[in-house]
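So the sequences go chain by chain: C and R.
Take the first sequence: its letters are residues 118 to 242, numbered as in this note's numbering.
Take the second sequence: its letters are residues 118 to 242, numbered as in this note's numbering.
Incorrect hints may appear among the rest.
Same chains, same names: a pair is fine if it fits in one copy or spans any two.
[Claimed, not checked] Within a straight-line C-alpha distance of at most 20 Å, the following computed EDC-like cross-link-like pairs (lysine to aspartate or glutamate) qualify: (1) K210 to D136; (2) K123 to D141; (3) K206 to D179; (4) K234 to E205; (5) K170 to D207; (6) K202 to D141; (7) K190 to D207; (8) K123 to D179; (9) K202 to D137; (10) K196 to D236; (11) K168 to D207; (12) K134 to E205; (13) K190 to D136; (14) K123 to D240; (15) K208 to D141; (16) K134 to D240; (17) K230 to E172; (18) K206 to D240.
Keep in mind that the hints were calculated from the coordinates and are not lab data.
Number of protein chains: 2
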Amino acid sequence: MSFTAKINGHNVLMDTKADDGGEDSGPGPKQLMLASLAGCTGIDIVSILNKMKVEFSQFSIDVHAALSNDHPKIYNLVKITYTIKLAEKDKSKMIKAVQLSTEKYCGVYAMFKTFAKMDTEIDYL
Amino acid sequence: MSFTAKINGHNVLMDTKADDGGEDSGPGPKQLMLASLAGCTGIDIVSILNKMKVEFSQFSIDVHAALSNDHPKIYNLVKITYTIKLAEKDKSKMIKAVQLSTEKYCGVYAMFKTFAKMDTEIDYL
Numbered sequence: 118m119s120f121t122a123k124i125n126g127h128n129v130l131m132d133t134k135a136d137d138g139g140e141d142s143g144p145g146p147k148q149l150m151l152a153s154l155a156g157c158t159g160i161d162i163v164s165i166l167n168k169m170k171v172e173f174s175q176f177s178i179d180v181h182a183a184l185s186n187d188h189p190k191i192y193n194l195v196k197i198t199y200t201i202k203l204a205e206k207d208k209s210k211m212i213k214a215v216q217l218s219t220e221k222y223c224g225v226y227a228m229f230k231t232f233a234k235m236d237t238e239i240d241y242l
Numbered sequence: 118m119s120f121t122a123k124i125n126g127h128n129v130l131m132d133t134k135a136d137d138g139g140e141d142s143g144p145g146p147k148q149l150m151l152a153s154l155a156g157c158t159g160i161d162i163v164s165i166l167n168k169m170k171v172e173f174s175q176f177s178i179d180v181h182a183a184l185s186n187d188h189p190k191i192y193n194l195v196k197i198t199y200t201i202k203l204a205e206k207d208k209s210k211m212i213k214a215v216q217l218s219t220e221k222y223c224g225v226y227a228m229f230k231t232f233a234k235m236d237t238e239i240d241y242l
């Protein structure tokens, strides 16, 4: 039940859990879609903050998502929490960076918006 | 610009290419979404063919996708090619397995259908 995705010279293993006949040798494909979302908006925000000359550290992103009940099960509710450490004066720039990513640049976020209710939150360390 | 996704104990690295300020240490997040699609429908088909007691080998999946021109760039055209080796008598079962995955079971495929024109093809070895 495991598959190795070959993407521009990079290999990504996917598998299912033992309950579903797999060996849990890699993340499930559907969960990988949430990683794709986090990575897309995360890279945007690093890029935007760098352009704004904002110094930051300890940046991480949590994605929580709910699946519909019936087959095919799709994500219908997605919450992204951005956690970051930066100066008080730069908080408004972080808010702007998240807006730019979720409203303009992040294609994965735009695709998710077509099927899921999206929500974002920023936690400052 | 690189992020490591932590998914149930599995790590998946993502990065951008040098042109975009990254180091190409992993696949791009948006490309990872196509891996998610291939893995989802692939695992379905293995599971369905196993239940149908169909013997097969050399199963692989190619995904080609086109992006929209404007930001946010989304996949608007996706073609999945399933390549598989199985007995002539089992070809109709493979067609049925693809139908069941793309119309009923694969949640990632169902999500893609909300924003992209989808197409599938089966190549027999």
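Evaluated hints:
1. For the identical chains of this complex, K210 and D136 are neighbours neither inside a copy (45 Å) nor across copies (25 Å), given an alpha-carbon limit of 20 Å.
2. In this assembly of identical chains, K123 and D141 lie within 20 Å of each other by CA distance both inside one copy and across copies; the values are 19 Å within and 14 Å between.
3. Within a single copy, K206 and D179 get their C-alpha atoms no closer than 24 Å, and across copies no closer than 48 Å, so neither meets the 20 Å cut-off.
4. Within a single copy, K234 and E205 get their C-alpha atoms no closer than 30 Å, and across copies no closer than 45 Å, so neither meets the 20 Å cut-off.
5. For the homomeric pair K170 and D207, the shortest alpha-carbon distance inside one copy (10 Å) is at most 20 Å, but the shortest distance between copies (60 Å) is not.
6. When the C-alpha separation of K202 and D141 is checked against a cutoff of 20 Å, the pair qualifies neither within a copy, at 34 Å, nor between copies, at 26 Å.
7. Taking identical chains as interchangeable, the C-alpha atoms of K190 and D207 are never at most 20 Å apart, the minima being 39 Å within one chain and 28 Å between chains.
8. Taking CA atoms no more than 20 Å apart as the test, K123 paired with D179 passes between copies only; the shortest distance there is 10 Å, against 26 Å inside one copy.
9. For the homomeric pair K202 and D137, neither the shortest alpha-carbon distance inside one copy (40 Å) nor that between copies (24 Å) is at most 20 Å.
10. Proximity of K196 and D236 under a CA criterion of 20 Å is satisfied intra-copy only: 5 Å inside one chain copy versus 30 Å between copies.
11. For the identical chains of this complex, K168 and D207 are intra-copy neighbours only, at 13 Å inside a copy versus 56 Å across copies, given an alpha-carbon limit of 20 Å.
12. Taking identical chains as interchangeable, the C-alpha atoms of K134 and E205 are never at most 20 Å apart, the minima being 43 Å within one chain and 32 Å between chains.
13. Taking the shortest alpha-carbon separations for K190 and D136, only the intra-copy value of 17 Å comes in at or below 20 Å, while the best inter-copy value is 37 Å.
14. Proximity of K123 to D240 under the C-alpha cut-off of 20 Å is restricted to the inter-copy arrangement: shortest distance 19 Å between copies versus 35 Å within a copy.
15. In this assembly of identical chains, K208 and D141 lie within 20 Å of each other by CA distance neither inside one copy nor across copies; the values are 40 Å within and 30 Å between.
16. Taking the shortest alpha-carbon separations for K134 and D240, neither the intra-copy value of 32 Å nor the inter-copy value of 29 Å comes in at or below 20 Å.
17. Within a single copy, K230 and E172 get their C-alpha atoms no closer than 30 Å, and across copies no closer than 40 Å, so neither meets the 20 Å cut-off.
18. Taking the closest pair of Cα atoms, K206 and D240 come within 20 Å of each other only inside a single copy of the chain (15 Å); across copies the shortest separation is 58 Å, beyond that limit.
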